[in-house]
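A.B. asks: Chain by chain, the residues run as shown.
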Amino acid sequence: MHERTITELSKDLAEKKFSSLELTEHFINRIKKYDTKLNSFITITEEHAINQAKKIDSEIAKNKLRPLSGIPIAQKDIFCMKNIKTTCGSKMLENFISPYDSTVVKKLNDAGSIVLGKTNMDEFAMGSSNETSYFGSVKNPWGFDYVPGGSSGGSATSVAAGLAPCATGTDTGGSIRQPASLCGICGIKPTYGRVSRFGMIAFASSLDQAGIFTQTAEDCAIILNQISGFDEKDSTSSKVDVPDYHAACLKKFDSIKIGIPRQFLDGLDDSVKSVFYEAIKILEENNCTVKEINLKNSKLGVSAYQVVAPAECSSNLSRYDGIRFGFRADDVTTIDELYKKSRSQGFGREVKRRILIGTYALSAGYYDAYYLKAQRIRQIITSEFAEAFKEVDLILGPTAPDSAFKIGEKTNDPIAMYLSDIFTVSANLAGIPAMSIPMGFKKNMPLGLQIIGNHFDESKILSLANHFQKLTDWHKKKPVLNEE
Amino acid sequence: MDKKTIIKIADLAKIDIDDSELDEITSSLSKILALVNEMDSVSTEGITPMAHPLNMTQRLRKDEVLEKNQRDELQKK
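Taken in sequence, the protein lines are chains F and L. Take the first sequence: its letters are residues 1 to 484, numbered as in the numbering used here. Take the second sequence: its letters are residues 485 to 561, numbered as in the numbering used here.
Careful: at least some of the hints might be erroneous.
Far from chain L by the CB rule (all over 10 Å, computed), these chain F residues [as the list claims (entries may be wrong)]:
hint	residue
1	Thr36
2	Lys55
3	Leu65
4	Asp101
5	Ala111
6	Lys251
7	Ile258
8	Gly267
9	Ile355
10	Tyr360
11	Ser363
12	Ala374
13	Glu387
14	Asp402
Derived list of chain L stretches under chain F, where covered just means 3 residues or more per stretch with a C-beta under 8 Å from a C-beta of chain F [claimed, not checked]:
hint	stretch
15	494 to 507
16	516 to 526
17	537 to 547
Calculated lysine to aspartate or glutamate pairs in the EDC-like style (CA-CA distance at most 20 Å, straight line) [said to hold, decoys possible]:
hint	chain 1	residue 1	chain 2	residue 2
18	F	Lys341	L	Asp502
19	L	Lys515	F	Asp336
20	F	Lys341	L	Asp495
21	F	Lys91	L	Asp500
22	F	Lys443	F	Asp402
23	F	Lys341	L	Glu505
24	F	Lys299	L	Asp524
25	F	Lys296	L	Glu529
26	F	Lys341	L	Asp503
27	L	Lys552	L	Glu529
28	L	Lys492	F	Asp336
29	L	Lys546	F	Asp231
Think of the hints as simulated: they come from the structure by calculation, not from any bench. Quick caveat: nothing in here was measured; it's all calculated off a predicted structure. All residues carry an ideal CB built from backbone N, CA and C; glycine is no exception.
Only chain F is shown next, with the shape it has when bound in the complex (with noise of 0.2 Å):
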């Protein structure tokens, strides 16, 4: 059962080939089997799962059936889910039970789906490895050894090692497209404003973008159906109409004009490049027409990001003050101890550096040097973007530099892990969609293509993505992994 995608896990479940509660149960069992080695869940809500099939079985017997009944889906544990623990990968929030459900959360149980788990992710989304987390690393199912990438480390690995058909991820600078490159599955962040960011926990509210994991192109069309669209409780939710991205996914493929940056290429990896090379031939062959464009100042993406996501980061982190939520410290006699100790425990390395340099950009006197700077590059990479979507339909490129790195390869030198996002934070920068499909091996650890879009040009993307899974079966390759 966990080799089937969503489609024909909805088919089966609408032809009573087996029950909610089997296939629940099914998942609920290979993640206690695999996830001791994976650990690619920090909660695993069996009860909560268990009763919420029964309830769909019900329905289905009754012939009621939802967009997704009966599907099961991993939430990553960023996005806050009623009374279930939302830790956010954070010893601050490591007894934090929310109150009420996030909207992606609400969508999803609206929907039909069922929750297995909350997945493992970076510390508050910060990491491109799943190694700041609390809660311990994450192995890559391609490799144990190997980081599953970050910051939706856990939600990547759930769905390419089968304990999960599907699961939601955050992108702030790469946070769901470098794991789906990664771990050889598809992930997609859509436009920013596309999916409601009401309940999930904030790191940079100006990047950050909900979105999905999946096996297939189509898979994420059909969830993305059901989790898009305008939210009166998220300020910066679109108003945009939402299209039915799942027909657009399936609809008969029309020629394109393909763009390729060729920043994205100067010193890229060999073996990177002759894998990617191959994909867009394949593109060229059927129905695509390819041209080079010039993104100039894309590469300057990583160095802006680092302005405005920490800057924005240690505005958003400063409600964690051991006061109304969240990790105390004890032992403390003044107001002053209070924050710091609380602030100092609870947070780990990586979030620490980012709310310093935060703080530091935005204190005075460094205003206009690093925050302004960095809006100002933010909006040349972002007409830049403008400018070649005049020619050209879609940007591809590798979503990663490079395949997964091993474990504790990057921990100590920040500069290189902040580089593996080198070509994901541009996407965030502009507010654009983008998607990671995969495209191939590097000694047998996948790599993905990144198709970038126009702002709410994701039914194009899916399209495209479709449109390559239909020629190529990168998707189709699973990672073996041992008993245990």
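With the hints as your guide, set chain L onto chain F.
C.D. replies: Chain L alone, transformed into the frame defined by chain F:
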């Protein structure tokens, strides 16, 4: 970035830094700032700073209470 600045910033951010961590933090933050300073390779004169990806204006709503009081629910142990 020197140690004195780090101590001042940490105080502003309400984060305690242990003396044993100070060297590592100073060195990693200096490296991050060097990466950030690559922005200076491009002139941004006359460019409007971009605060928001969709250039939206903040949506306003009526000042009405929409949620019921959940105090008991939120305070339960």
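A.B. asks: Please work out if Lys443(F) and Asp402(F) have their alpha carbons no farther apart than 20 Å.
C.D. replies: holds, 11 Å
A.B. asks: Mind verifying the non-interface call on Ala374(F)? Its CB should be farther than 10 Å from each CB in chain L.
C.D. replies: It is violated; Ala374(F) is separated from chain L by about 7 Å at its closest Cβ, not greater than 10 Å.
A.B. asks: Take a quick look at Ser363(F) and tell me if its Cβ sits farther than 10 Å from every Cβ on chain L, holds or violated.
C.D. replies: violated, 7 Å
A.B. asks: At 10 Å, judged by beta carbons, does Tyr360(F) keep clear of chain L as stated?
C.D. replies: Nearest chain L Cβ is 5 Å from Tyr360(F), so the label is violated.
A.B. asks: Taken at face value, is the distance from the CA of Glu529(L) to the CA of Lys552(L) at most 20 Å?
C.D. replies: violated, 50 Å
A.B. asks: For the pair we were handed, Lys91(F) and Asp500(L), check the Cα-Cα distance against 20 Å.
C.D. replies: holds, 16 Å
A.B. asks: Against chain F, does the stretch 494 to 507 of chain L show at least 3 residues with beta-carbon separation below 8 Å?
C.D. replies: holds (count 7)
A.B. asks: Against chain L, does Lys55(F) keep a CB gap of more than 10 Å to every residue?
C.D. replies: holds, 23 Å
A.B. asks: If we take the beta carbon of Glu387(F), is the closest beta carbon in chain L still more than 10 Å away?
C.D. replies: holds, 14 Å
A.B. asks: Are 3 or more residues of the stretch 537 to 547 of chain L near chain F, judged by a Cβ distance of less than 8 Å?
C.D. replies: Coverage by chain F holds here, the residue count being 6 at a Cβ distance below 8 Å.
A.B. asks: Is Lys341(F) close enough to Asp495(L), meaning Cα to Cα at most 20 Å?
C.D. replies: holds, 12 Å
A.B. asks: Once the closest CB in chain L is found, is it more than 10 Å from Thr36(F)?
C.D. replies: holds, 31 Å
Violation of the numbered hints given earlier is confined to hints 9, 10, 11, 12, 19, 27; the remaining hints are satisfied by the structure.
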